[in-house]
Structures are given as structure tokens and as C-alpha cells.
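S.K.: Just so you know, the protein sequences line up as chains A and B, in that order. The first sequence begins at 25 in this note's numbering and counts up by one. The second sequence begins at 2 in this note's numbering and counts up by one.
Accuracy of the hints is not assured; some may be wrong.
What the hints assert, rightly or not - With a straight-line Cα cutoff of 30 angstroms, these simulated DSSO-like cross-link-like pairs (lysine-lysine) come out:
#: 1; chain 1: B; residue 1: K187; chain 2: A; residue 2: K387
#: 2; chain 1: A; residue 1: K383; chain 2: A; residue 2: K373
#: 3; chain 1: A; residue 1: K373; chain 2: A; residue 2: K387
#: 4; chain 1: B; residue 1: K187; chain 2: A; residue 2: K238
I should point out that these hints are in silico values taken from the structure, not numbers from a laboratory.
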Amino acid sequence: MNELEAIKAHRDSLPGPAPEVTARAWVLVAEEIEAERTGSGHRQPARPRRRSLRGFPAGWWATRAGVAVGLAAAVTAGLVVVRGDHESAPFGTPPASAAELLRHAASVAAREDIRPGPGQFVYVDQKNVTFASGSEGEYTQDLRREVWMPAGDPGRALTRSTYGQTHATSGRPEHVQSPGTVEYQRAGQCPEHSLSLPFQAADLPADPDRVLAKIRQGAETFVRSDQRRRGETDLGQDEIDMRVEKVVASSLLGLAQDPLTSSRTRATVFGALSKLPTVTIVQDLTDPAGRHGVGASLKLENPYGWERGELIFEPATYRFLGYRSWIGRQEGGQVRETPGASTAVMTVKVVNSMPEVPKDAGKPMFC
Amino acid sequence: MTAPLQDSAPPSEGTDAQVIEASWRHPDRFGAVFDRYFASIHRYVHLRLGESAADDLAAETFLRAFRSRDRFDLTCPSARPWLYGIASNLVAEHRRGEARRYRALARSADATEIASHDERVVQRVSAAVMQPRLAAGLARLSSGDRDVLLLVACAQLSYEEVAEALGIPQGTVGSRLNRARKKLRKIIGSAGEAL
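Working from the sequences, and respecting the hints, build out all of it.
M.R.: Right under this line is the structure:
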């Protein structure tokens, strides 16, 4: 081995950057990109910082598609303090608005590129809380939902749901799956709960403005036909506009939190959501897995009250952590808000196989 | 309805020059350059200044690259020479630190020298441990010669690319490389056979 080969060999033996290092570097660049896009000019050059990431406890971070995640342990009020030998430097600045948060989240999501190869599957593991309301009362139930989506063949998708505890908020629910029950659902098996993306995701443009225009166009069509179905002939333009905006917001929230939405589509949807003036920022939310995050909140009014949807992001990396919703009602002059459905995205990765559905697996209860 | 998991025509496709040109109008596209080269640049800086410095300087390399992308020569299909040039300039700002690092790596050899043969073998094949004499040799090279040597050996750049990265004539690349290799061989001496 000559000296050039020795240097090359040494270089090849060095470990690559840790995922959190790559993620932090990307956040710095993404901030610069955002600053340029919004015309706020260049940031100051990144100051060299001394830091010892190895000082964090084992399991402090996890990897998702090559992007560092899970910095929550070091997060306080949206600010990560990276401890060095003699100095502590703030990493990232807490977003000042929901729009800024969503733009950061869009930049980060655009980098999370999950691409299954032939014969591979995208695997999504979620920790969900489902919400049900009916004659038996209202209840929530913990649920682990795993999805296997074959590359280029959504017709072979599979989910496995493992039910957990039920929590009644009113009444006494009877028709619920007992904890530990496992259900499998194949694509196409349950027409009302299909394993496919919301229809709005089809042929979605990459540009957030065009996405917004397309979703709004669809919402206008929907509101007009809904108006005809209801026989409402005297609606003012303001009321129609308000309904359209609600459908737009609801559609975007649905796309953003859908587990089957690709990272790139989710990035575009976050970008579109950032343009809605009704989105507000909420500090320190907790997803169903107990992870703290910063949220973008949208309140959707309805004749009986409202539903508030919150997209939750990891404060340092702006990675999408999950979603939660609240059901609000006016009851006897009192405002009552109860937790609705929520989702924590635990894992998204490419795997080489999916499980066989047991021969004795029954039809899902809600199918 | 189908459920496409990936958008078609991801923006990361195309040559580096095409991506950078696209990033003039769509800054997000620059992410593809980051994805392609961040790990390589990090390793390069890691070798020269250590891992901690690499964490910062690799990020700074891409910040500088993004800010100056309008000056990127679109006739160059690859961004590698440009990025390694930026990284080398950043490393140059830490020249003393680099020399100190090589000297420290060379000194760390002392323990190896007195260790048993078995331990030395383990040391030799262990990842991320530079051969002490190689480190000592690198410490004694001039910074200009070291830049050229490491861009050729570590980054695997051609003479033309090194010239582009460092902004020097190709002939100078050749002469610096020859000088660096001769000096290194002299320092390494017979131990070079064991490299």
C-alpha cells in the first residue's frame, strides 16, 4: 500500500456523520433556504460550536430514513441547548409563527426520502388513539397500527391493528375490541376504510400554491354540490367562502396526518398549510407517545361546535411527530373540549417483507 | 384510486450543475447537493481536523456553497471540486489545529510502539486510527502541499479538479503532489512498506 492508498484507506475507515449531525446541518441550510425564499436575507454565518453529542445518553436519538429524530429529551420550550465544553449555544430558533414552523417542517419533510425498491415495502408504525361517538357514549381506544405498502403496488397493502385500552369519556361503550386483539386488513377489504390516500392526494402538484389552488377548487365544487343537496338557496358569499376554507383546511390536515402520505407530498402540504392565515402555533404539545413538540393548530367550526386539529413537530428538527384533535362543544352555556383521535408516527422505514395474514384472521370490526 | 407513495420526478435527479441551476429559482433543490455530498465532505474534514470540527465545518461548507451557488460554474457537471474547495478553505482557517492533530496522532503511536505485537496488529486494522508515521509526515508538509495530497488521496479528485478546487494551475498541482509524496515517503521510510 503506498501513501496515497494509505490515506484513502484511513479516510474510508472513518465513520460517516452521525444522523443528528446531518440533520442539524440540514436544518441550518434549510433556514438559509427559507430566509432566501422569504426575502429575509442571509443568516449570519454559522458560528463554530464546540459540542459533545456523545455525551447524550444512549437511545437519545433514533433514526428514521437517515434523518435524525428524537431530540425531545434536550428540548426546552422549543429551544435545544447544545452543551459544549465551555459554552452552550442555542441550536435553532423557536419559530415565531405557525407559518414559519410549517415552512421549516416542509423543508425537513422534503428531505425524508423513503424509496422502497422492487419487492420492498414502506413500513409505518403508528401509536394511535381512536375516538368514537354514538349511542353508547364517547370513548377513545389506544391502537397500534402498522402499515406495509408494497413498492408501486398499493393494491397489496396490509395493515395490522393491535388494540389497547378503552377510555370512556361518557356512557359505557360495549362494542369495542378487547385489549390485545389483533386485526389484519388487506387493501380493498373494507370499502369504507380503504388503504389508500385521500382522493385529494391524486396528482397533487409539487408547488404549495398550486396545491392550495387545486384543493380550493375541489372544495368549491364540493360546497356548491353540498349546498344543492341541502336545498340551501340563500347562502351568502361569505358563508360559502367560510365553508370552502373549512373544507380546504380539513383536506390539508387530512393529507398531512395520513400515514400513507409520502414525505414529499407531506412537505408540499405543509407548505400549503403555511399559507393559511387561520393556522396558529401552539408550544409544547404532547403526542400519544408522550413526545413533546411544537404544533400548528387549525380550528374547524361546525354547527355543533368545533374540532381542533394539531400537527405536532419535533422542536429541533421540525420532523413530523404526529397529530391530535380536540372536539369542542357548547353545552348549556359551557364550553366542553374532549380529546379526539390522535396519532404518533413512531417509525417509517423500508422493509423487505410483510407478515402473512393468519388463516383464521377475521374481518376487521370496523369494516 | 391509486395511492402513490412517491411523487414522480423527484427534484434530486440531474447532474449537480443542473440541480444548482434549478436551485437559483427553487432554493429547495439545493437539498439534493447536500444529500449527495454531505457525508463525503464530513469525512474529508474529519480526517483533517477531527470529528467535532467536521460536524461544524461540513455544515458551514454547505451554507457557504448555498450562498455562493450563483457563482458556480455550470459548465462543470460535478459540484465535488467546488465543495471540496470550500471545505479546504475552511480547513485552512484551522491550519494550526490540523498540524496539532497530526502531531498528536503521531505521538499516540508511542503507546503502540511499546505494545505487544498482537496489540499493534489490532491497532493497525482498527478503524479511524491513522498510521503514526503517516500522521507525522502529514504534519510536516506545507499546507499547500497537504491540500493537494489530501484532495487527490482522500477526495479522489483529478489534477484538473484539484486545480479547480484550489484555484491553482494544473502544473502546480502536479509539482505539489510530487513534492508531498516524496517528503512523505522520506518521513515514512521503511515503515512505508507496512502501510
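S.K.: Next, verify each hint and record whether it holds.
M.R.: Here's how the hints hold up against the structure:
1. A C-alpha spacing of about 77 angstroms is found between K187/B and K387/A, which places the hinted pair above 30 angstroms, so the restraint is violated.
2. At most 30 angstroms may separate the alpha-carbon atoms for a hinted pair to count; K383/A and K373/A meet this at roughly 27 angstroms.
3. Our distance criterion of 30 angstroms between C-alpha atoms is met by K373/A and K387/A, whose separation comes to about 27 angstroms.
4. Under the criterion of a C-alpha separation no larger than 30 angstroms, the hint pairing K187/B with K238/A is inconsistent with the structure, at around 69 angstroms.
Of the numbered hints listed earlier, those contradicted by the structure are 1 and 4.
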